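Participant: Listed below are the residues making up each chain.
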Amino acid sequence: MSATRVQQRDAIPLAPSGPGWLEPVRRAAGALFARTGFPTQRDEEWRFTPVGPIATVAWQRSPTTPGAADRTALAAFRFGQPEWFTLVFVDGVFSEELTTIGPLPRGARVGSLRAALEEGGDLLRDHLTRHAPTDASGFTALNTASFTDGGLVYVPAGADLDRPVHLIFVTTSAAADAALHLRNLLVVERGARANVIESYVTLAPGTRYLANLVTEVSVAAGSWLEHTRIQRESERAYHIALTHVDQHRDSHYRSFSMALGGALARHNLHARLNDENVETLLYGLYLTRGEQTADSHTAIYHDHPNCRSWEVYKGILTDRSRAVFNGKVFVKPEAQKTDAKQTNRNLLLSDTAKVDTKPQLEIFADDVKCTHGATVGRLDDVALFYARSRGIGAEAARRLLIYAFAAEVIDEVALEPVRLELDRLVLERLGTVG
Amino acid sequence: MTMLDIQDLRATAGDAEILKGISLTINAGEVHAVMGPNGSGKSTLAQVLAGHPSYTVTGGSVTFMGNDLLDMEPEERARAGLFLAFQYPVEIPGVTNAYFLRAAYNEIRKARGEEEVDPMDFLDVLEAKLKIVEWGPEIMSRAVNAGFSGGEKKRNEILQLALLEPRLAVLDETDSGLDIDALRIVAGGVNKLRSTGRSFIVVTHYQRMLNYIVPDHVHVLAGGRIVKSGDKALAHELEARGYEWVEALHGVPA
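So the protein lines, in turn, are chains A and B. Residue numbers for the first sequence follow the working numbering, so the first one is 1 and each next one is one higher. Residue numbers for the second sequence follow the working numbering, so the first one is 1 and each next one is one higher.
Among these hints, one or two may not hold up.
[To be verified] Residues from chain B that face chain A, not an exhaustive set, calculated with beta carbons under 7 Å:
{"id": "1", "residue": "G14"}
{"id": "2", "residue": "D15"}
{"id": "3", "residue": "A16"}
{"id": "4", "residue": "A50"}
{"id": "5", "residue": "H52"}
{"id": "6", "residue": "P53"}
{"id": "7", "residue": "L70"}
{"id": "8", "residue": "M72"}
{"id": "9", "residue": "A78"}
{"id": "10", "residue": "R79"}
{"id": "11", "residue": "A80"}
{"id": "12", "residue": "V90"}
{"id": "13", "residue": "P93"}
{"id": "14", "residue": "A98"}
{"id": "15", "residue": "E107"}
[Stated by the list, open to error] Stretches of chain A that chain B covers, calculated by requiring three or more beta carbons in the stretch to come under 8 Å of a beta carbon on chain B:
{"id": "16", "region": "72-84"}
{"id": "17", "region": "394-406"}
[To be verified] If we take Cβ atoms under 10 Å as the criterion, some of the chain A residues that face chain B in the derived model are:
{"id": "18", "residue": "W224"}
{"id": "19", "residue": "A387"}
{"id": "20", "residue": "R388"}
{"id": "21", "residue": "S389"}
{"id": "22", "residue": "G391"}
{"id": "23", "residue": "V409"}
{"id": "24", "residue": "D411"}
The hints are simulated quantities; they were obtained by calculation from the structure and are not laboratory data. Computed from a predicted structure; not experimentally measured. Yeah, the Cβ is synthetic: ideal placement off N, Cα and C, and Gly gets one too.
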């Protein structure tokens, strides 16, 4: 057995005790991972993603005693909204102390997945591991076998969480060389509404760790979910995530996914449109610098007629950084009247940054409206000249245009405190680009 | 007072020489129309004055209020009081008109040694300026020129002119693509901004706009040179006889 394989098997932490139905799922996932291991760049789905180094590290189990994080340190990540339902996980461990959950509508649940697993009940059996396919990749299999905790958000039929739920996953230096496997479950029942934010942040910017995440999302008939994801991991971290969304009739799902951190960050976002008249909106923004790689893989499955999907991902790259975008749209023969639009635009600020972008539309229905477009370009000289001709200095004009490029997607974030914070993050990053 | 003094100005775009020796002097308060057929170099002249990166100046001099204009960066020219109303104003999705105009306004104020204004005070400044182009405040929350009609884009240029209060404004085919109502508003805006201390260069293909903005001098460009100068009567003569007449007169191939 190769050293790598041994290390991979060692990477599987002990699963927490859970209900009986989960045990075989976890065992099967563990067996699958033991067979396949991590993907490599020889796998078509990971061709442009330098995942190789992940398999060479002897990852430790996540620390049972998390590092120090207090309210003061976390205040920077909370959008100035102390009253929002905020769940905090430090180095993968749920922190009761840092968590704020106010009064919930009857039947709603917002809390730690681990606690819910210990309690048991039908909710988890119906949804947990039922949405994200275990074989989506070696990472997903490993997550299914190993997840220790995560956020659970359950909104019962007809309910409206009157404030956003914010899941904060923060790392400290105690996470050095650890692999964190976390699973979130978001269930929005018939006619319900929710607003959920996932933040992946760090208090130890130079720390190396592996964050292996799966978020399962169920958006029931007539329900509405606004889902924001902000990835600001350590720039030495590996962040591999799958968000799998199952949508039902007349539902609305909107995602905004922002990637700023990680040495390598990969986000797979899969939306399955399981019935008619579904709306799916996916927005993304990635900013890379240094040697970072940001990879966004999205897949939208149009399995039924009369659905609309709209996707806009934008990237701003500098230094020697890289970005990968792959956007799949599958339209089944019966999915007539599908309206799908996909756009990926990239702005290169250095000669050494590189983008691999691949729109991939597979359309088997004939009465559809499907378009896609991908661009990779530099700042427009004429636009720069326009701003400068109004008295704005060359450097300020440059920053203005880069900001404008990002703002076009940030403007899609409906929650104002989040939008303002994302604006600030972009401006802060622009202060450092060359 | 001499506002602008152009002497034997030559400029190229790529390998092609577009301006082949232009000389023109403009005094404070004067309005000069620069007319000419397509490809005569009239828009190039406007853009070269503002420092457009697509053109290289290969000879001659331009003195703006006593300073060497060609030695200045585009933003320095703007801060010194030069304004170009673009023929094709640039769309900047993602930045509101209010943000962009305030950024420009504050840069120009800083250059004049004046205090910057905050967003609230800026709204007060804008109110009067918007009246000049017969606009309400709604336009300020839209992204700069993004999705604007041709007429709205040109009005936005004149709004910026009104706001930045330049000493010399160069209007590059501001009339192109305008219907009669938009033309009346745009030209009316320009007329309200005429003053003894401010000069204009009005670049246009057609005499039409000069019915509204009456020039003191008219110059005809052909083949990268000024081939004829006169007063407003020259514009009417061009309208009646066409550009072939001047081109033939000066041996410029059509």
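Participant: Taking the hints in turn, state whether each one holds.
Facilitator: Status of each hint after checking the structure:
no.: 1; hint: G14; result: 14 Å, violated
no.: 2; hint: D15; result: 19 Å, violated
no.: 3; hint: A16; result: 18 Å, violated
no.: 4; hint: A50; result: 5 Å, holds
no.: 5; hint: H52; result: 6 Å, holds
no.: 6; hint: P53; result: 5 Å, holds
no.: 7; hint: L70; result: 15 Å, violated
no.: 8; hint: M72; result: 11 Å, violated
no.: 9; hint: A78; result: 4 Å, holds
no.: 10; hint: R79; result: 5 Å, holds
no.: 11; hint: A80; result: 9 Å, violated
no.: 12; hint: V90; result: 4 Å, holds
no.: 13; hint: P93; result: 5 Å, holds
no.: 14; hint: A98; result: 13 Å, violated
no.: 15; hint: E107; result: 4 Å, holds
no.: 16; hint: 72-84; result: violated (count 0)
no.: 17; hint: 394-406; result: holds (count 9)
no.: 18; hint: W224; result: 26 Å, violated
no.: 19; hint: A387; result: 8 Å, holds
no.: 20; hint: R388; result: 4 Å, holds
no.: 21; hint: S389; result: 5 Å, holds
no.: 22; hint: G391; result: 4 Å, holds
no.: 23; hint: V409; result: 9 Å, holds
no.: 24; hint: D411; result: 7 Å, holds
The structure fails hints 1, 2, 3, 7, 8, 11, 14, 16, 18 (numbered hints given earlier, in ascending order).
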